[in-house]
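Listed below are the residues making up each chain.
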Amino acid sequence: MPGPRVCVIGLDGTPASYLRRRFAEGALPNLAALAQQGELLSSWAPLPPISSVSWASASTGTNPGRHGVFGFVERKPQTWEITFTNVMTIREPAVWQHAARAGMRSIVINVPGTYPAQPQQNGILVSGFVSPVLEKSVQPPSLLPFLNERGYLIDVDLGLGHKDLEAFSEQLFTHHAARTRVLCDLLDTEACDLFYAAFTGTDRLHHFLWEQMEKGEEPWAGRFAAYYDAIDHSVGQIVQRLDDDCRLILLSDHGFCRLDEEVFVNRWLERDGWVALEDPAQSIASIIPDRTRAYCMDPGRLYVNLAGREPGGIVQPSEYESVRAELKSWAESQPWVTRATVREEAFSGPMAEHGPDLVLSSPNGLDLKGAVRTKELQAKGRLTGMHTQDDAFVLVRGAHPGGEGKVEDVAATVLDGLGLDPSSLDGRVLR
Amino acid sequence: MPHTPAFTVWFTGLPQSGKSTLADLLAYELRESRGLSALEILDGDVIRTELSRGLGFSREDRDENIRRIAFVCKVLTRAGVPNIVAAVSPYREAREQARASVGRFVEVYCAATADQCAERDYKGNYARARAGEIAHFTGVDDPYEPPASPELTLDTVGRSPEDCLAEIMQKLEALGYLTPPGGGDAGKAYSSEEEAEVASRLESLGYM
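In order, the protein sequence lines correspond to chains L and V.
The numbers in the first sequence follow the working numbering, run straight up by one, and end at 431.
The numbers in the second sequence follow the working numbering, run straight up by one, and end at 208.
Take the hints with a grain of salt, since some may be wrong.
[Said to hold, decoys possible] For lysine-lysine, the following DSSO-like pairs were computed, each having C-alpha atoms within a straight-line distance of at most 30 Å:
| hint | chain 1 | residue 1 | chain 2 | residue 2 |
| --- | --- | --- | --- | --- |
| 1 | L | K328 | V | K74 |
| 2 | L | K328 | V | K123 |
| 3 | L | K163 | L | K215 |
[Said to hold, decoys possible] Per the computed footprint, the stretches of chain V lying under chain L, defined by three or more beta-carbons under 8 Å from a beta-carbon of chain L, are:
| hint | segment |
| --- | --- |
| 4 | 27 to 35 |
| 5 | 159 to 170 |
| 6 | 198 to 206 |
It should be emphasised that the hints constitute simulated quantities derived from the structure, not laboratory data.
Backbone N, C-alpha and C define an ideal beta-carbon position, used for all residues, glycine too.
Take the sequences, apply the hints, and build the full model.
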């Protein structure tokens, strides 16, 4: 069975610093060996650093101003209703689409933002988060029995993380074993040019158990380490199925750190007179437009309530720049903001104008939220880990590219490995 | 998804007359409600920085710009990809040539006066053009020739974008370019039940 020419393994949310720490302890032998053969680069996620945005960048090699994904949730145009981003939101071709156009075959497993699975030209695709139904996540559909026989699940039951950590932790491991089984069996039985798979259990582990890991709180710290041992073992199983000349790329889509408090940005905006909310408030549909000058959508996307764009928007186009400048100044005076980046600095490309007017970055430990159901300004919830834009990683077997990476580099490096031209992408080829 | 032939929806009108807003809204509707995932928007501002980079705003260059856009529309339409153009396209003759070249062509005129457009011009281009800082600005010192018989004329000042969208969708159905929806969630990325599941999962990770 000819192996792939390029193999990508994603570890959702794995920080470079965590891997380095474990390597220093002599742990994670398969990943450490790869890091020794190449160079583990610290890497940056696009803004905002969440999986829907970042995986779209990793698979298309473009910034959100080109691929058009700015969050998991968007305001439906000309309404205050919310809608969910999905594969149809992405405006740039993924590397597997480039490969298909060149007559190559791809196997793509569990990459977030690929739901509903689109028919593949002679390839295989199983969608990742957020895929509510397995049946609509599999192309070709004839692959479904193969997945079911191996106990494949798209995701763990995230609700368990909030009410039964023991059961959640147990499911993380069984879920991971099934995913590994599927990946290895596909590599054993299906020829392809590009193999692109993501492990997303790492992100779930971090969200619910990061602080426990940091504090050494048992049994969770031990489970955390053991989960990474399982990840390492899976990476080893995949690597032993690859030819030596296969370009192997590992990446994470963002970093992670401890979450001390969630910051409910709309409540801060409300306190300072920027937004008015109905009581009780459920979503942005609870915004009172004629008393709102700006509002927030997850995770820290600020929008001016602009006449002609937002229904009932009260900021006139002629006031837009001055209101945005005032909003930026307000945001940067808050202790939970390290930077407010204007749209044209954060994004470039034809979709940039669909992005938020400002994107907020926060200090590690303070996680920015668009939720409006709580009336508190800040609170500690059940989640103990949060995303960071920095401290992601990228590693190309045998390559020493130097410097820092960014998530978009992955796609450029994939196309280069397939012998395709990456010059139109935003990322650089990591050699 | 029922198969319908591809088509070009061509929005024309003065700068800030609502072309891009309606193009985006239409694209969203076609993707989300009609499942047309392979769909392209050709926005005049973007075309000017890519396909037509280097062209100016003389009549000759403007016509060349429209000829290039029309060629892309023709190729996309032939390949079965519906496409939406949002371009000032000020000259009637150039638009008629585009119509002849593309074939399946739906011309939508965004009717608004220069004063009305200037009022909602948050970029400030009308003001700069009127102050003489920008030359060849359509509606100020360059002409705009309204279409003689567009498929649709929309009053984009007096009506909401959603109203305009509804009329465009009706027109596309009437012309046979779209099949009227069969009801339910057919063609949407997420059904209503799936949306509830997605919301629940996102909430578990703090994203709602």
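Evaluated hints:
Taken as a hint, the L:K328 and V:K74 pair is broken in the structure, with Cα atoms around 44 Å apart against an allowance of 30 Å. A C-alpha spacing of about 19 Å is found between L:K328 and V:K123, which places the hinted pair at or below 30 Å, so the restraint holds. Between L:K163 and L:K215, the direct Cα distance comes to roughly 21 Å. Compliance with the 30 Å bound is thereby established for this hinted pair. A count of 3 residues in the segment 27 to 35 of chain V with a Cβ less than 8 Å from any Cβ of chain L is obtained; the coverage claim is therefore met, three being the minimum.
With a cut-off of 8 Å between beta carbons, the segment 159 to 170 of chain V has 4 residues touching chain L; three or more are needed, and the interface restraint holds. Beta-carbon proximity to chain L at under 8 Å applies to 8 residues in the segment 198 to 206 of chain V; the threshold of 3 is reached and the given coverage holds.
The structure shown violates just one earlier hint, number 1.
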